[in-house]
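Student: Following the hints, put chain B in place on chain A, whose structure we already have.
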Amino acid sequence: MLRDKLPELICPAGSLPALKAAVDHGADAVYLGYKNDTNARNFAGLNFDQKALTEGVRYAQSRGRKVLMAINTFAQPGRVADWQAAVDGAADLGVDAVILADVGLLDYAKNRYPDLRLHLSVQGSATSYEAVNFAHREFGVRRAVLPRVLTLAQVELVIKNTPVEIEIFGFGSLCVMNEGRCWLSSYATGESPNTVGACSPAKYVKWEKSPGQMTTRLNGILIDRFGDNESAGYPTLCKGRFEVNGETYYALEEPTSLNVLEILPEIAKIGVAAIKVEGRQRSPAYVAQVTKTLRAALDALASDSERYHVKPAWQADLAKVSEGNQATLGAYNRPWR
Amino acid sequence: MTKGFVIPRFRLPAFVSAIGVKLPQWPHALALTAGLNVAVKMNLLPEDSLALLENRVFFVEVLDTGGRACFTYRDGLFRPVFYAPEASDLTFRANLSAFMQLLARQEDPDTLFFNRELSIEGDTELGLIVKNMLDAVEWPQLPKLPIFRH
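Those sequence lines, one after another, are chains A and B. Position 337 of the first sequence, counted from 1, bears residue number 337 in this note's numbering, the numbering being contiguous throughout. Position 127 of the second sequence, counted from 1, bears residue number 464 in this note's numbering, the numbering being contiguous throughout.
These are calculated hints, taken from the structure and not from any lab test. The reader is advised that the hints may include incorrect statements.
[Said to hold, decoys possible] Stretches of chain B that chain A covers, calculated by requiring three or more beta carbons in the stretch to come under 8 Å of a beta carbon on chain A:
#: 1; segment: 436 to 445
#: 2; segment: 449 to 458
#: 3; segment: 462 to 469
The beta-carbon is built from N, C-alpha and C at its ideal position, and this holds for glycine as well.
The shape of chain B in the complex, shown without the other chains:
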């Protein structure tokens, strides 16, 4: 749980997403997959769970920034996908604050889901695998940013 710094629940003004959706989306997918691949390289993600993600397509949308990222996992690496997200196996949608609270382990995904702040669509079992995989990660000491402190 976060000590000291607590990420508040907020929603960015509508104009942010209005602009955001018009911007190129590939940098999001590239940044996200690069981050995930660091976790893979550091052996933070269990191999048995990773194997279940092979060739599945994931779509993440940050509603109030308009940011979207589509990616897959293949041959040991997360890779950006540049086609329509309609083909995704699993979709996560939430506002930026909810994603930040999740990453900082300040909020529980079930809580956000019950409260309808996090939307998960698609293959439910795949969603559970991803959720439990991220929950089981023992983040190393590197997160020194306040939002990662817990």
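Bound-form chain A, shown alone:
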């Protein structure tokens, strides 16, 4: 299989060292955001100021890699100018594409910067080829990131019926996967990725340690209790253990990580343009480990797709950095539609 038919590897950068780790370990592109609520990883101390952005774009592009700027939250009432300013800034910097979700902002970017490449964010929640084609027709979107709710057969159906490049998630923590439409965080805290750029913001999170256990609360709501030897997860509603009909369990979803190494050949075969790694909130060490492993897997696939097999060392490296005890193929291999 030729290298140019391989899916691109898109890696997260929450800081300049993470960006450099991604580039140094074989990412084809990095995605990043401003230090504000115009992107869905608006966490304290994370992301890029102007100085770091300039250096990051230079570092990546001078090495032949791309920089994608996520401006993927929804413009809030009275503050549309802030989101437009983010698009202006990205265009000025010369990023390779902007990743947008808000149709108003897509329209602004298309009219103001006709040459700027537009990607439809996963937060745009386009799950069908009709939705993807709408974004293409109306805004000239060149690539769409699909939410993690589709089976591989459904991803293939989208690809066959659209001229738009399709990007899917390849590795990282899973949430309820209803990207762009999830309001669980708002239910608990009044704030959500769509509105403030953060799911379950840290100021609402309390980890309470007591002998033998740790308790997690989100804005006072009990999310989970962990024994001393139990793995912990992110303190989101969707990953909590709740009592339902007298039974206490992960009522919404078990903390797991998506890992597509096993189905990488199928992903490449159906024509997926890019694979995205989740985790802008994670450290440079995570970015380096995951990028390196997925690069090795993609290169193995490129050199001999017939003999591709998942090496135990890859799985071990990825399992170590995963949230939860298990890795899954997510919706990709689910029998249901």
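Tutor: Relative to chain A, chain B alone:
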């Protein structure tokens, strides 16, 4: 990521901490704050994040050495604090190997946290600020020790 030298996961024998807790703790706080202040002086730590640490009290405990350090940030400098750590805003607890893996950027703090090798208590947002601030530091070439190579 560390090339060549990998810091293994280890736990020092219990007698180390049994002795360690009985030793004076002020040298730890002094060493740690001195190191942090070098980073401040070299402008490695972003000012907007530092401003959020003003007058907050931090407590770091190395479980298997028994070492403890309590410090705060005030008027542009990290300063040791010599009173009870119960008053701290943020507490980090881990074994020495986990702290070394963190400093060498060999392991991700979330990974260590999920695996319960790193305990973070107190103000969660402050914890995130500190974590992200350290992640964003571009360490200069000075670390030549194998453990700092990445």
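Student: Against each hint, give a clear statement of whether it holds in the structure.
Tutor: Now the hints, each set against the structure:
no. : hint       : in the structure
1   : 436 to 445 : holds (count 4)
2   : 449 to 458 : holds (count 7)
3   : 462 to 469 : holds (count 7)
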